[in-house]
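Visitor: Letter by letter, the chains look like this.
There are 4 protein chains.
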Amino acid sequence: MIIVLKKNSTKQDLQALSSYLEERGLKAHVSEGTEVTIVGAIGDERKLSQDQLKALPFVDKVMPVLKPYKLASREFHPADTVIDVDGVKIGGKEIQIIAGPCAIESEEQLMTVAHEVKKAGVKILRGSAYKPRTSPYDFQGMGEEGLKLLAKAKEETGLVVETEVMDIRNVETVAKYVDIVRIGARNMQNFNLLKEVGKINKPIILKNGISSTKKEFLMATEYILSEGNSQVILCNRGIRTFEPEIRFPLNIGIIPLIKQETHLPVIADPSHSMGKKSLIAPISKAAIAAGADGLLIEVHNCPEKALCDGPQQLTPPEFSKLMKEMRAVAESVGRTL
Amino acid sequence: MIIVLKKNSTKQDLQALSSYLEERGLKAHVSEGTEVTIVGAIGDERKLSQDQLKALPFVDKVMPVLKPYKLASREFHPADTVIDVDGVKIGGKEIQIIAGPCAIESEEQLMTVAHEVKKAGVKILRGSAYKPRTSPYDFQGMGEEGLKLLAKAKEETGLVVETEVMDIRNVETVAKYVDIVRIGARNMQNFNLLKEVGKINKPIILKNGISSTKKEFLMATEYILSEGNSQVILCNRGIRTFEPEIRFPLNIGIIPLIKQETHLPVIADPSHSMGKKSLIAPISKAAIAAGADGLLIEVHNCPEKALCDGPQQLTPPEFSKLMKEMRAVAESVGRTL
Amino acid sequence: MIIVLKKNSTKQDLQALSSYLEERGLKAHVSEGTEVTIVGAIGDERKLSQDQLKALPFVDKVMPVLKPYKLASREFHPADTVIDVDGVKIGGKEIQIIAGPCAIESEEQLMTVAHEVKKAGVKILRGSAYKPRTSPYDFQGMGEEGLKLLAKAKEETGLVVETEVMDIRNVETVAKYVDIVRIGARNMQNFNLLKEVGKINKPIILKNGISSTKKEFLMATEYILSEGNSQVILCNRGIRTFEPEIRFPLNIGIIPLIKQETHLPVIADPSHSMGKKSLIAPISKAAIAAGADGLLIEVHNCPEKALCDGPQQLTPPEFSKLMKEMRAVAESVGRTL
Amino acid sequence: MIIVLKKNSTKQDLQALSSYLEERGLKAHVSEGTEVTIVGAIGDERKLSQDQLKALPFVDKVMPVLKPYKLASREFHPADTVIDVDGVKIGGKEIQIIAGPCAIESEEQLMTVAHEVKKAGVKILRGSAYKPRTSPYDFQGMGEEGLKLLAKAKEETGLVVETEVMDIRNVETVAKYVDIVRIGARNMQNFNLLKEVGKINKPIILKNGISSTKKEFLMATEYILSEGNSQVILCNRGIRTFEPEIRFPLNIGIIPLIKQETHLPVIADPSHSMGKKSLIAPISKAAIAAGADGLLIEVHNCPEKALCDGPQQLTPPEFSKLMKEMRAVAESVGRTL
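If you read the sequences in order, they're chains S, P, W and Z. Residue numbering for the first sequence follows my numbering, starting at 1 and increasing by one per position. Residue numbering for the second sequence follows my numbering, starting at 1 and increasing by one per position. Residue numbering for the third sequence follows my numbering, starting at 1 and increasing by one per position. Residue numbering for the fourth sequence follows my numbering, starting at 1 and increasing by one per position.
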């Protein structure tokens with residue numbers, strides 16, 4: 001931690017700061033500059049509170065030097081984490097496409113789509129039974145009935161299945177039916193929910209909040225990891241920007257940036273990010289070229305009857321065509337799909 | 001709902017759209033323009049799904065005409081809602097300052113601050129026992145022990161007390177000890193938590209998400225109102241912007257805008273918004289001049305020892321001086337404090 | 001400047017860095033921490049290039065310690081700058097309301113409004129003759145004809161007059177006709193235009209860019225000041241946010257923040273910021289309560305016929321009422337108006 | 001244009017609106033809904049002023065139906081525009097990499113880099129002689145001397161050359177020395193500069209403003225096109241976001257979106273967007289996969305001595321390796337490079 005003192009600070013102030021640091025097991029290393037005095041806190045800066053330091057009346061600025069996350073970092077775990085779900089590997093050379101309907105709406109819908117995406121080469125089926133909706137008057141999902149359909153789809157097709165959990169009281173139920181549990185953007189900082197999924201033994205897909213920073217995203221990850229669950233998949237689902245015609249533009253640079261700094265698999269969600277069909281194919285290919293380990297893509301047998309997010313769901317033929325195109329790009333960057 | 005058709009749409013498309021609307025109890029009113037065809041859906045547009053309409057292959061754009069929230073709107077409830085908590089009125093002519101420490105840290109701290117703010121003229125004491133923290137390694141609050149201290153402070157001073165709830169499993173416990181329950185920014189779209197506090201009989205302070213729109217904020221409010229709890233206080237706690245030197249700048253315009261459109265009391269949180277002491281006084285006065293019905297202001301007897309948010313907490317003498325200044329501004333706009 | 005080295009940096013690297021600093025007249029002060037090595041560059045950090053330092057292969061992070069602006073800072077000029085234009089003072093105890101139409105449209109319009117705002121107590125008349133418009137197909141302003149009308153209005157009413165310049169080739173012409181020259185948000189970083197107005201002897205109102213930071217705003221100011229023109233008035237005209245219903249929300253906290261750090265007068269533009277009539281009165285009062293030295297307020301005798309920005313322009317009676325309300329708030333914070 | 005009336009509007013209001021529309025050659029088509037009255041303005045909506053309509057006291061909302069840009073749209077010009085500069089084609093099947101140093105610093109630097117990028121397969125050399133810098137105290141470019149070096153590099157290598165213009169007074173000079181003229185992000189809405197480059201007969205690269213919308217970007221394009229210059233290349237250089245560790249994240253979705261709506265070539269600038277070396281390769285490949293027609297990539301023979309933007313400039317060997325990788329991705333999406 002680097003602490004910059006105010007211009008009019010005194011020797012007493014410096015003394016007080018040194019004592020403060022020593023009490024916490026660190027040492028003050030003082031640099032008297034031509035204009036300001038800077039104190040380097042030598043030792044484990046994670047034992048210091050930036051807030052307390054900033055509240056000292058003679059402190060001007062506090063600048064942390066170390067990254068605040070540990071378990072997610074490459075320093076802690078240099079090699080890539082590869083998550084294995086029933087033999088399906090996420091984070092390795094093979095890129096995983098996680099496809100299926102936005103919301104589970106009926107047995108017929110889910111089974112039709114499950115068979116279609118499997119035929120196109122997909123190994124993981126997505127589908128939400130609990131839907132966080134901006135309006136309380138909108139369709140909120142099928143609940144446990146939907147989870148049962150997912151389990152049935154798994155049984156019928158052999159696909160690995162994943163779904164969202166949004167209520168801390170449903171974590172156990174969800175974990176009973178599915179292989180991979182997803183936490184949505186709105187719950188990225190629902191810390192108690194993160195702690196709860198940190199206690200189960202299932203891979204977790206964690207989506208970034210729509211205006212969160214990389215640091216906040218990785219600190220949220222740290223909530224899960226620090227409870228003992230080391231199988232976290234980081235999903236870029238886009239951010240809010242000033243552009244009204246794209247729902248949540250993908251900050252594509254975050255994919256390689258997070259890959260460089262953490263050991264966890266990183267995927268992207270072009271469907272929720274783009275919000276419109278015509279952009280999903282180019283952005284799926286771009287995410288693969290940027291190094292994504294997988295994609296979440298929504299597929300619906302009849303998008304115009306979808307109970308939510310119809311405009312962004314691909315039909316099975318559209319999806320099948322995209323799979324081929326993505327495969328070519330994956331190979332061009334040394335991956336398989 | 002206004003539906004703009006694509007340029008090459010056919011009579012069959014128009015027919016299909018009309019049927020779609022009629023099935024849902026609405027009527028199509030067609031305007032053939034020089035360049036595009038526009039369909040007005042006459043009837044209750046809340047019965048339509050924008051997503052489904054946008055997913056129709058011949059639809060270009062869908063524009064809702066009505067506001068999506070009902071119970072929060074002035075159309076539904078024209079007069080101002082005034083919430084009465086043990087005789088303390090929020091939303092009336094008197095502006096309420098809700099003051100106290102960010103986090104409850106000890107009995108001595110809470111009691112000292114409680115007596116100080118009361119002396120300065122405050123009627124409602126704030127204090128958090130559960131703290132949502134970006135890092136799992138930071139102080140997470142005293143939990144139920146903190147709630148007990150709040151109840152004790154109420155008993156000793158007669159102040160109304162408020163605190164935050166962040167876990168759906170704690171709603172009942174929190175409601176047992178305090179008078180007013182607060183939902184923080186990170187939980188603005190934790191919909192199941194909103195539903196749960198919608199079922200208790202206590203006023204709820206709902207803070208806006210750091211990048212949410214007014215519409216999303218009011219739809220979150222609607223989640224509480226639609227469960228039967230009509231005592232919602234809307235708190236502007238600032239938004240994320242590109243300015244690194246102010247934590248969450250206050251969109252001051254949202255105060256009168258929400259006051260004009262809803263009947264609910266609107267307050268502001270200069271402490272969390274500004275994040276630094278020197279800005280709290282001017283922004284508190286600005287919020288009052290803009291029409292706020294109250295403010296959340298953090299006061300700590302020893303900010304540099306605060307376990308969180310020290311830089312933004314006022315000392316009792318600083319707070320007491322601010323109370324006088326705010327009173328002058330309140331009177332200049334025809335309010336009392 | 002504080003330079004954090006990468007973990008695997010060597011003694012040779014440190015040596016290279018020391019030489020780099022010494023060549024530029026600074027000294028390296030090395031702190032070897034438990035995890036990383038930090039180098040404090042002692043001396044005038046403005047002689048260093050952050051970019052060059054960051055490009056060194058063994059450098060991890062570079063953190064400047066000093067503020068990059070000089071002439072605008074309170075360190076350079078501790079007392080408030082009060083600008084005097086023909087006896088009208090900006091930056092003193094008296095708050096100046098700069099009122100008039102958005103665009104100058106005709107002699108009749110300008111004269112009518114000029115007389116009305118003067119009657120209400122205004123001393124400075126605003127009006128644009130050159131209009132930066134998003135679309136090339138929209139009204140672009142009356143040009144020099146408009147400037148002549150402004151000069152005539154000054155002659156008739158004795159009001160100080162101000163207008164916008166947007167083309168470097170018009171700086172001289174504009175300076176010939178008006179007392180105060182305005183640079184709009186889109187030109188905040190039109191650096192050559194800034195340099196040019198830095199050479200004239202007229203006060204300059206500089207508006208912030210819609211997504212610029214405080215630092216960028218003050219560095220733009222520095223472009224004007226460093227050419228010799230010390231009469232700069234900083235105008236907060238709001239920022240782009242995610243809220244679609246307010247045009248450019250005012251970051252109200254920036255007003256006291258800039259007042260604390262610089263010696264220059266700070267004003268606000270509620271009209272362009274809010275974009276709708278119903279918000280102008282509360283936000284004008286809020287800006288005054290927050291410490292603004294003045295306001296730009298648009299007044300039009302017939303807003304629904306205005307060639308631009310009609311929805312935000314007040315009628316003379318609306319404006320006159322607001323003047324009285326603002327006066328009360330100004331007095332409550334120890335100012336006059 | 002669709003005009004929604006306020007709830008309490010009268011027949012007189014409707015009559016007034018009809019007259020207003022008729023005076024401008026349009027017709028009112030009225031839909032009386034259950035809750036509100038909606039008026040469709042049939043005719044050329046570009047003849048209407050949204051501002052004037054919104055300022056009418058009985059109007060609630062105004063929603064345009066048509067896109068405000070014409071000359072840039074696919075409706076106006078359905079086929080892709082392919083720009084030919086001395087036989088080098090931009091916007092066709094071949095992707096053009098425009099490479100070279102950020103700023104021209106010396107003859108040796110420019111010639112070295114020019115030969116290196118040519119060897120790697122590049123056909124267009126970039127280099128700035130005029131640099132817009134946030135601080136007036138930073139290096140501002142070599143000016144006309146730099147332009148002469150560019151012309152010399154062209155002569156020596158046969159490469160097409162491009163550079164930035166930022167001052168309206170330099171347009172002619174710049175056009176004399178280079179083949180392609182670039183307008184930077186800060187000048188995207190320097191409308192008079194746009195008009196001026198609209199009058200020359202050289203291709204223009206127009207970069208988006210850091211917080212501009214697609215609509216504003218295309219309207220700025222329209223300023224150039226409407227002056228008669230139809231050779232505009234749209235460059236995505238990223239946007240400002242809340243992520244502090246990436247300079248200007250690329251909204252990758254905007255590439256296919258603009259390609260779908262306009263006929264103009266679209267390129268991206270991974271160097272200025274990412275701001276750090278380690279992200280340039282993955283994002284360059286992503287932009288190609290997303291459909292970009294070209295890229296601007298900065299190459300410097302000695303980045304740690306670069307006078308600006310060192311951290312983002314590739315060395316010739318790094319660049320040469322990237323060229324090969326990009327070629328593979330280009331081929332995977334059916335393009336050449």
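For the record, the hints were derived by calculation from the structure and aren't laboratory data. Where hints are given, some of them may not hold.
Repeated chains share a single entry, so a pair holds when one copy, or any two copies, can fit it.
As a list, the in silico BS3-like pairs of lysine-lysine whose alpha-carbon atoms are at most 30 Å apart [said to hold, decoys possible]:
no., residue 1, residue 2
1, Lys70, Lys148
2, Lys276, Lys176
3, Lys277, Lys199
4, Lys93, Lys119
5, Lys305, Lys61
6, Lys67, Lys305
7, Lys277, Lys195
8, Lys6, Lys321
9, Lys277, Lys7
10, Lys118, Lys7
11, Lys6, Lys27
12, Lys61, Lys148
13, Lys6, Lys67
14, Lys154, Lys6
15, Lys321, Lys27
16, Lys202, Lys27
17, Lys70, Lys27
18, Lys305, Lys7
19, Lys199, Lys324
20, Lys6, Lys123
21, Lys195, Lys321
22, Lys148, Lys67
23, Lys47, Lys276
24, Lys176, Lys195
25, Lys7, Lys70
Predicted model, so just to flag it, every value in this text is computed and none were measured.
Visitor: Hints first: check each against the structure and report whether it holds.
Guide: Verification of the hints:
no.	hint	verdict
1	Lys70 to Lys148	neither (37 Å within a copy, 35 Å between copies)
2	Lys276 to Lys176	neither (33 Å within a copy, 44 Å between copies)
3	Lys277 to Lys199	neither (37 Å within a copy, 38 Å between copies)
4	Lys93 to Lys119	within (21 Å within a copy, 32 Å between copies)
5	Lys305 to Lys61	between (55 Å within a copy, 17 Å between copies)
6	Lys67 to Lys305	between (47 Å within a copy, 24 Å between copies)
7	Lys277 to Lys195	neither (35 Å within a copy, 33 Å between copies)
8	Lys6 to Lys321	between (62 Å within a copy, 25 Å between copies)
9	Lys277 to Lys7	between (57 Å within a copy, 18 Å between copies)
10	Lys118 to Lys7	neither (66 Å within a copy, 36 Å between copies)
11	Lys6 to Lys27	both (20 Å within a copy, 21 Å between copies)
12	Lys61 to Lys148	neither (54 Å within a copy, 36 Å between copies)
13	Lys6 to Lys67	both (25 Å within a copy, 13 Å between copies)
14	Lys154 to Lys6	neither (63 Å within a copy, 40 Å between copies)
15	Lys321 to Lys27	neither (61 Å within a copy, 38 Å between copies)
16	Lys202 to Lys27	neither (42 Å within a copy, 49 Å between copies)
17	Lys70 to Lys27	within (22 Å within a copy, 33 Å between copies)
18	Lys305 to Lys7	between (66 Å within a copy, 23 Å between copies)
19	Lys199 to Lys324	neither (38 Å within a copy, 46 Å between copies)
20	Lys6 to Lys123	neither (59 Å within a copy, 37 Å between copies)
21	Lys195 to Lys321	neither (40 Å within a copy, 42 Å between copies)
22	Lys148 to Lys67	neither (42 Å within a copy, 36 Å between copies)
23	Lys47 to Lys276	between (46 Å within a copy, 22 Å between copies)
24	Lys176 to Lys195	both (18 Å within a copy, 25 Å between copies)
25	Lys7 to Lys70	between (34 Å within a copy, 15 Å between copies)
Of the numbered hints listed earlier, those contradicted by the structure are 1, 2, 3, 7, 10, 12, 14, 15, 16, 19, 20, 21 and 22.
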